[in-house]
Amino acid sequence: MAIGVLALVGTRKGLFLLRGDDARLTWQAEGPLLDGWGVYHATVDARDGTIYAAANHVVYGPTVQRSADEGKTWQRSKIGLPELSGLTVNAAWHIEPGLPQQPGTLYLGADPGVLFRSDDCGETWEPNRGILEHSTRDRWFPGAGGLCCDSIQLDSRDPQRMYVCIASAGTLRTDDGGQTWQPVNKNVAADYLGTPYGEIGQCVHKLLLHPARPERLWQQNHCGVYRSDDCGDSWERVDGNGLPSGFGFPIMIDPNDPDTAFVIPETSPEYHYGPGGRLAVYRTRDSGKTWEEMSDGLPRPAWAAVLREASACDANSLYFGTQSGSFFALAEAETWVEAARHLPPILSVEVTQWSR
Amino acid sequence: MVQVIVPSVLAAQAKGRHHFEVEADTVGDALRALPVADLLFNERGEWSRHLNVFVDGTDARERGGPACPLAGAREILVIAMLSGG
Chain A
0 MAIGVLALVG TRKGLFLLRG DDARLTWQAE GPLLDGWGVY HATVDARDGT IYAAANHVVY
60 GPTVQRSADE GKTWQRSKIG LPELSGLTVN AAWHIEPGLP QQPGTLYLGA DPGVLFRSDD
120 CGETWEPNRG ILEHSTRDRW FPGAGGLCCD SIQLDSRDPQ RMYVCIASAG TLRTDDGGQT
180 WQPVNKNVAA DYLGTPYGEI GQCVHKLLLH PARPERLWQQ NHCGVYRSDD CGDSWERVDG
240 NGLPSGFGFP IMIDPNDPDT AFVIPETSPE YHYGPGGRLA VYRTRDSGKT WEEMSDGLPR
300 PAWAAVLREA SACDANSLYF GTQSGSFFAL AEAETWVEAA RHLPPILSVE VTQWSR
Chain B
0 MVQVIVPSVL AAQAKGRHHF EVEADTVGDA LRALPVADLL FNERGEWSRH LNVFVDGTDA
60 RERGGPACPL AGAREILVIA MLSGG
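Read top to bottom, the protein sequences are chains A and B. When we follow numbering that gives the first Met the number 0, the leftmost residue of the first sequence carries the number 0, and every step to the right adds one. When we follow numbering that gives the first Met the number 0, the leftmost residue of the second sequence carries the number 0, and every step to the right adds one.
Bound-form chain B, shown alone (with noise of 0.2 angstroms):
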């Protein structure tokens, strides 16, 4: 199992959770198990540009990005990049 945390405004549309316990074998499994999957992919899969998926502190990117592989992993911790003033 591995936990996957997410920031206040997705957490906002999943009934307050902000922590989840997903069975997954790489991150685009682990996201797209959780009540808030449609918001982190568009219609053709993607992930938002703006969002970094970390795993256990490594940018999941740096990995394949959702085919990134989560074997022994703890924690997936979802953020969101905000610019601007």
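So here's chain A without its partners, still in its complex pose (with noise of 0.2 angstroms):
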């Protein structure tokens, strides 16, 4: 039996599952799925084969779709917040299945700031009340974006330690399985503000904790790259010494190397594309101190973004999605594929493994 990869690519109209070879050379497109709704994220659940997702539409409103059969029934949950909140959901954002040992247990990231568990398998959704009635919320605020929550990470040497991030409130990290919720946004710039270095309103675009090493976080920031090597508590602006920009929306790392990070920088908040039209993957494998260009086989010029949730990485390669219906993969002698072009604009990207 062949394995290959299985990328949901998630998109302004649609679910497309790429089912590439495992050489990543050659790839099939099947979709759209969901059609006509926006999906922000879409993942396979590990533990079941269930694929999740974060289903959005302009009429409709937020859902989140799941699928037992690869896509070809869904059944849909809808979510709500309570009525004394005083908020409506505006948008489901990112599905996070829980760990092995919490079998049927997921967590939902949405516009207005709030997360949402399902012990259920996704049937139901619950909003966290820590982080719905947080001390510090009255001082978040929306990004371009929405009030959106975006990376969930969960920390699986300790169940009752995960982190949330919300644009603009920053980093937000339980020790206590969700109870309480303390900002972890130390040395992490919010230039935009008066406080550029204030406790709560930083602008988080994407988290990931490694999973080998799950004291170590990074995180692409509006205002920079960071990483901390203490769950959060203190951060380190690793963005200089070969990065062309600080800005950018996705980050992705190894999981075979700790000190292995990839981001795509944009020119500026302002202007978000690759300086001078460059499309290119940066990389750093130490840790942060230096970056290297890794843009073969990418167009040029390409005017090209790539949003927040549009990049992966799996232990062989890595991914990303344009706003221009681009997917690339990045195949042998670090060359990077144009697995499919010409899709809606890609919101969303993940990876899994497929047999055939």
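Just to be clear, a hint being listed does not mean it is correct.
To be verified - The calculated EDC-like cross-link candidates involving lysine to aspartate or glutamate, where the alpha carbons are at most 16 angstroms apart (straight line), are:
{"#": "1", "chain 1": "A", "residue 1": "Lys77", "chain 2": "A", "residue 2": "Asp118"}
{"#": "2", "chain 1": "A", "residue 1": "Lys12", "chain 2": "A", "residue 2": "Asp47"}
{"#": "3", "chain 1": "A", "residue 1": "Lys77", "chain 2": "A", "residue 2": "Asp119"}
{"#": "4", "chain 1": "A", "residue 1": "Lys77", "chain 2": "B", "residue 2": "Glu42"}
{"#": "5", "chain 1": "A", "residue 1": "Lys77", "chain 2": "B", "residue 2": "Asp37"}
{"#": "6", "chain 1": "A", "residue 1": "Lys288", "chain 2": "A", "residue 2": "Glu333"}
{"#": "7", "chain 1": "B", "residue 1": "Lys14", "chain 2": "A", "residue 2": "Asp34"}
{"#": "8", "chain 1": "A", "residue 1": "Lys77", "chain 2": "B", "residue 2": "Glu45"}
Claimed, not checked - Pair by pair, the computed Cβ-Cβ distance ranges are:
{"#": "9", "chain 1": "B", "residue 1": "Asp24", "chain 2": "A", "residue 2": "Arg156", "range": "52 to 62 angstroms"}
{"#": "10", "chain 1": "A", "residue 1": "Thr179", "chain 2": "B", "residue 2": "Arg43", "range": "26 to 36 angstroms"}
{"#": "11", "chain 1": "B", "residue 1": "Glu61", "chain 2": "A", "residue 2": "Pro141", "range": "32 to 42 angstroms"}
{"#": "12", "chain 1": "B", "residue 1": "Leu76", "chain 2": "A", "residue 2": "Ser84", "range": "29 to 39 angstroms"}
These are calculated hints, taken from the structure and not from any lab test. Everything numeric in this text was worked out from a predicted model, so none of it was measured. Quick reminder that beta carbons are idealized off the backbone N, C-alpha and C, glycines included.
Make one complex out of these two single chains by using the hints.
Put into structure tokens, the structure is as follows:
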């Protein structure tokens, strides 16, 4: 039985499944599934193979959709907030399956800066009160994409610890299973505020925890690239020495090497494309001390933008999709392959293995 | 009985069904009887502002929105307004 790569590519007009061979050179596209829905994020739950999608529609609102048969049929769950909160859900952003020892548990990040938990495989969802009623909420404010909660990271060594990021509130960490949350934004800039290094108000675009070294976190922020080696208690800015810009949205890591990370810089908060129309991934292999360009095979010039959820990594490769509808995978000899083009604007990418 | 007709994105969420026969006194009751009711109302029970509902050709908003009476009505047409390029 051959093993390949399955990429779940969420777009503004539905979900595409791209199946690539092991060399990531030949790809087949299926879709759009959930036709007409904006798929902000889709993922496969490795515990049982179910596909989950955060699917939003301008008329019909936010939903979580799940499929147990590889996208042939879908079940829908609607999400909502209690009336007393005075809030309504604007969009479903990110679905994170729970740890292996938490069967049936999933987390959902949503706009307006809320976290939901399901303990019945996504059928029903309850808002996390610690986030919903956080004492700093009145100082949170939405970015251009809304008050999105798009990064949810679980610590496999400590099930009581997890992280969420809200733009623009910053990173919040719980050490007690989600009952209380503390901002962990020390040394992270928010230079659009009067107090650029305050407790709260940072604009995290994407945060990842290294699975082999869970005290190490990486984040691509509105105001630079950062690394933490102490569970977010403090952060070091690492976007000097080789990066053309500290601004960007996605970040990727190498699950085999905690010192390696990848970003896709954009010119600035005002100009969302690579500096000079140069689309490129940059890699650090020394914890952010230096960066090197990886652009072989990428089109040039390319006035392309990659959104915060639109990249993925596995043990063998990297993947990303652009707002102009191209999906790239890194193949042999560190050359990028355009696996699909002319898709709708790509909002999200996740990868898993598939067998055929 | 009144017939409710929904557009294709909603029909796809209802196993492909575009037409429904329901017994209801008001438009709101008729829409809440559909298997896609959760997509027509938010958690406060409000219609999406991008949703138009016509009762025998008349905009239900002109007759009380969800409270619009259905006495003698034959057809409810649900239309999703979309804008943009």
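Outcome of the hint check:
With a C-alpha separation of about 15 angstroms, the suggested pairing of lysine 77(A) with aspartate 118(A) holds against the 16 angstroms cut-off. About 26 angstroms separates the Cα atoms of lysine 12(A) and aspartate 47(A), which puts this hinted pair outside 16 angstroms; it is violated. About 14 angstroms separates the Cα atoms of lysine 77(A) and aspartate 119(A), which keeps this hinted pair within 16 angstroms; it holds. A C-alpha spacing of about 9 angstroms is found between lysine 77(A) and glutamate 42(B), which places the hinted pair at or below 16 angstroms, so the restraint holds.
Taken as a hint, the lysine 77(A) and aspartate 37(B) pair is honoured in the structure, with Cα atoms around 7 angstroms apart against an allowance of 16 angstroms. At most 16 angstroms may separate the alpha-carbon atoms for a hinted pair to count; lysine 288(A) and glutamate 333(A) exceed this at roughly 21 angstroms. For the given pair, lysine 14(B) sits about 13 angstroms from aspartate 34(A) by alpha-carbon distance, which is consistent with the 16 angstroms threshold. Between lysine 77(A) and glutamate 45(B) the alpha-carbon distance is near 14 angstroms, which keeps this suggested pair within the 16 angstroms criterion.
For aspartate 24(B) paired with arginine 156(A), a C-beta distance near 58 angstroms keeps the hint of 52 to 62 angstroms intact. One distance hint, 26 to 36 angstroms for the beta-carbon pair threonine 179(A) and arginine 43(B), holds here, with the actual separation near 29 angstroms. Our hint of 32 to 42 angstroms for glutamate 61(B) and proline 141(A) holds, since their Cβ atoms are close to 34 angstroms apart. At roughly 34 angstroms, the beta-carbon separation of leucine 76(B) and serine 84(A) lies within the given 29 to 39 angstroms, and the hint holds.
In the structure shown, a violation is registered for the earlier hints numbered 2 and 6, in ascending order.
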